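Turn these sequences into a full structure, and let the hints guide you.
Chains as they are written, first to last, in this note's numbering: chain A, 470 to 964; chain B, 470 to 964.
Hints should not be assumed to be uniformly reliable.
Identical copies carry no separate label here, and so any pair may be met within one copy or between two of them.
[Stated by the list, open to error] Think about it this way: if two alpha-carbon atoms lie no more than 27 angstroms apart in a straight line, the pair counts; the simulated BS3-like pairs of lysine-lysine are:
no.	residue 1	residue 2
1	K957	K583
2	K582	K682
3	K818	K500
4	K500	K943
5	K858	K643
6	K582	K706
7	K682	K583
8	K914	K624
9	K682	K706
10	K861	K624
11	K706	K872
These are calculated hints, taken from the structure and not from any lab test. All figures in this text were calculated on a predicted structure; none of them were measured in a lab.
Protein chains: 2
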Amino acid sequence: MIPYKTIIQFDRNSKQALYLQLANQFIILIKDKKLLPSTKLPGSRTLASLLEVHRKTVVACYDELLAQGWVESISKKGTFVHADLPELYQKEKQVLDDEFKSNSAGFQFYTDKKLERKSPKLQEGFMSLNDGVSDVRLTPIIDLARIYRRISGRKLIYKEMSYGSLFGNEKLRKTLSEYLNKTRGLNTTISNILITRGSQMGIHLSAKLLLQKEDVIIVGETNYTSADTSFLQQEAKLLRVPVDENGLVISKIETICKEQQIKAVYVTSHHHHPTTVTLSAERRIHLLNLSKTYNFAIIEDDYDYDFNYQYSPILPLASHDTNGNVIYIGSVCKTVAPVFRVGYLIASKEFVNEAANQRRFIDRQGDALLELTFEEFIKNGDLDRHIKKVMKIYKQRRDLFCKLLIDNFSDVFQFEIPKGGMAVWVKLNKKYSWKKVTEIAKINKLNIGDWQRYDNAKIGHNSIRIGFAAYDEKEIYELMNRLFKTMKEIRNDNF
Amino acid sequence: MIPYKTIIQFDRNSKQALYLQLANQFIILIKDKKLLPSTKLPGSRTLASLLEVHRKTVVACYDELLAQGWVESISKKGTFVHADLPELYQKEKQVLDDEFKSNSAGFQFYTDKKLERKSPKLQEGFMSLNDGVSDVRLTPIIDLARIYRRISGRKLIYKEMSYGSLFGNEKLRKTLSEYLNKTRGLNTTISNILITRGSQMGIHLSAKLLLQKEDVIIVGETNYTSADTSFLQQEAKLLRVPVDENGLVISKIETICKEQQIKAVYVTSHHHHPTTVTLSAERRIHLLNLSKTYNFAIIEDDYDYDFNYQYSPILPLASHDTNGNVIYIGSVCKTVAPVFRVGYLIASKEFVNEAANQRRFIDRQGDALLELTFEEFIKNGDLDRHIKKVMKIYKQRRDLFCKLLIDNFSDVFQFEIPKGGMAVWVKLNKKYSWKKVTEIAKINKLNIGDWQRYDNAKIGHNSIRIGFAAYDEKEIYELMNRLFKTMKEIRNDNF
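Spelled out as structure tokens, the structure:
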């Protein structure tokens, strides 16, 4: 008999029942060939007294091993390691000891380099430039959690808790449809709306439905990198058109359309990502007309519709779309907080249906409790109040941010004051390079991040996007201070 | 001058500001060519008095139109419709009136028939068979919402509210890793865990990483339909092996491996979906050994690990995997409630990293607040208490359900009492057809659903899966009563 008493150890603090701990150790002994097939196991009384456990524990363990098929019970003879277990490789144990091996997959899988992103951990005491995110400290999180809690306490809430609609909660779709019709001039009904997990899922689903290998999609020469990647994932062909102070140059799209069939145009019409400019009215109409003539889709990603500091926001392309050419994508992630993954895709009923079919096989459905929370938040006017509140704050931050940029960096940075959004498009004097700035900034505890991602087309514009909305006044001063120290060194270095 | 007073209407109850309502109506007039390019607009005083609004409203409206580029202001002359607006098609208005057209996309997109599912709306007073879902009325929703509310009130919670980890909340990954190591004998660290939106996302990501066109994956002759579809979406080749009372017939997999390279085997080892049988210990070892020899992945979908009514659950294949061959997928959706889309994919670090890269372009990230809620729920022991509670109830329901099946339907239905899970695999006497049963059931207000989906391979087993866990005692009696009436008619019909 093997020395059970020494080999078998119990962890009395473990959550796992003793008999299960015992069974698992037997399994390891069997797999490691410490216990060979047909070996007789000790009687339950013997083992119990050896291990100082209750006999019932051993009986339960043997029952478990029996149920799992590791052992067999031979009438009047006792319990034996199953005679018919297949060959177990001795190598196993060695492999376990080899950390590299045990962390690695024992099979081949496909990897995709273009999906990789640099995202270094932010070191203690560092500040980081972002690309235009909201200040989540302003999110009315307590109000939202209170609504969530209240909704969860409703008597009939269990009806929303099982497998539900692929399209998202019906109440939210209705409220959202009314809200967007009123505030953005859309002309939707509930059947035009799919609730997504934020804009990214809208882009992903649109890409899947529109693009297959070699299909052509037009994007800006500068463009939102994640959109580029989503289209490339479908093996689509990206054609780039220039972006000027009025947005995408639509006449170039017309030239392309005359030469070849395109499937779609991706546009961030309200504030072009990354350059922040607005697509002009003339170009809007031109683009809509082209889409009708040449039967392509316009993916309108209206990621920061809510933030416009001059006049009220310009209505989306989707509000003038009479032919079903626009797929309109938005979310509350940017407006409220990224943690709330609630967005929408708005398009013709047929397109929305197909997108929902695809969605079933991605994540099945959304989170009805969170969706109902936002339904109330929108319907109560809380969302509008929140927007009004943060708009005022972001406008002040933009003004301070831009003033400091002008006052301190007019020789090195060139930019237009953005009319909306949460970021400034900053062009560095061509005498200098972002590579160098990034290096020096690190010494001043300022993390600039991956500046190269703003120039996927490699046109050498020497610009990056810098968000201002997430910093309060004090932080903006501190950020500018670090940037100032950095640029001082850069200037000295260069002359 | 066109009759502005009659044409322009205000909705005083609308949320939309008056000046915006006015601006949007001007845009329509311009697009409809009621106002042609270069037309002079009335002065703000004139229009204000005509429409009985404040002059400021008209000024704001004109500013808006100016900002959007629809009009131009000519010094000392006034405001004019922009001279350079491109040709607007007269057709537009007609198209709007055509409901079919206005609901349809103005472009081509790809559709995929295999993604379609029948899901008819349940009529009033009907009961519906399901395929093994939990009873969400037993979910401790108030406790969960309370945790959610408490977490949301934490002082530093804003740190979790912006863009976060692609892998899911780190605290949950740590707690889950410890929990699964202790209760399921896994050997994971945090770097092996990706938090998903339920099992479906785990299957989706695995399929994406493992399968491309013509790659071979092995599944059961009967199999979970959504998994089949996910693999087919990747254009993989599905090879099917038989499933008997001990689960997948692994020797058939060996035969296939000797002939060709396979990429993966999909297995629901704990309770085969749909037939509910458990993969035997011998076959488990055999499958693990084959995966090592032939370098393929095992996708182990442990969708209902928590529910086993005999002994404690059998440990997953993943707990015996020493070579990194198993991708282990699970979720809390089945255990707690489908509305909570929290699941996990467990695999080698490299596989998990690549899955996270893919995930960025699907939905960016999970819901950190919900993930933290479940972190507490698991850590506090609430999850285990919940499982213990519902296990007892589900066992009673299984026993009643099966007893009534035996007592009333022994001539028409054949089944094994399932050792775990939430469903019974019921074979109909070959004299009868589910098509007919489904028809007659409808008359008795019983919806049987899509019975065909259980036989994707068309082997004609004449069986379907019937869930018992979601019904309480009274409902089980009522269900059986309707089924009894149905089968009575079927029997009478047949003799």
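Original post:
For the identical chains here, do K682 and K706 meet the 27 angstroms Cα criterion within one copy, between copies, both, or neither?
Top reply: both (8 angstroms within a copy, 20 angstroms between copies)
**OP:** Indicate which option fits the pair K861, K624 if close means a Cα-Cα distance not exceeding 27 angstroms: within, between, both or neither.
**Re:** between (39 angstroms within a copy, 24 angstroms between copies)
Original post:
Between copies, within a copy, both or neither: which fits K957 and K583 at Cα up to 27 angstroms?
Top reply: neither (35 angstroms within a copy, 62 angstroms between copies)
Original post:
Is it within, between, both or neither when you check K582 against K706 at 27 angstroms Cα-Cα?
Top reply: both (17 angstroms within a copy, 25 angstroms between copies)
Original post:
With identical chains treated as interchangeable, where does the CA-CA distance between K682 and K583 reach 27 angstroms or less: within a copy, between copies, both, or neither?
Top reply: Result: close both inside a copy and across copies, 16 angstroms intra and 20 angstroms inter.
**OP:** First find the shortest C-alpha distance between K858 and K643 inside one copy, then the shortest across copies, and answer within, between, both or neither for a cut-off of 27 angstroms.
**Re:** Answer is within; shortest intra-copy Cα gap is 25 angstroms, inter-copy 38 angstroms.
Original post:
When no copy is specified for K706 and K872, does a C-alpha distance of 27 angstroms or less occur within a copy, between copies, both, or neither?
Top reply: neither (41 angstroms within a copy, 61 angstroms between copies)
**OP:** Could you place K582 and K682 in one of the four classes (within, between, both, neither) given a Cα distance threshold of 27 angstroms?
**Re:** Both, since 18 angstroms and 19 angstroms are each at most 27 angstroms.
Subject >> K914 and K624: within-copy, between-copy, both or neither at 27 angstroms Cα >> reply: Between copies only: 26 angstroms across chains, 53 angstroms inside a chain, cut-off 27 angstroms.
Subject >> Identical-chain pair category, K818 with K500, by Cα at 27 angstroms >> reply: between (57 angstroms within a copy, 25 angstroms between copies)
Subject >> Within, between, both or neither, where K500 and K943 count as close if Cα-Cα is 27 angstroms or less >> reply: Close neither inside one copy (63 angstroms) nor across copies (47 angstroms); limit 27 angstroms.
In this structure, the earlier hints numbered 1, 4, 11 are contradicted, and the remaining ones agree with it.
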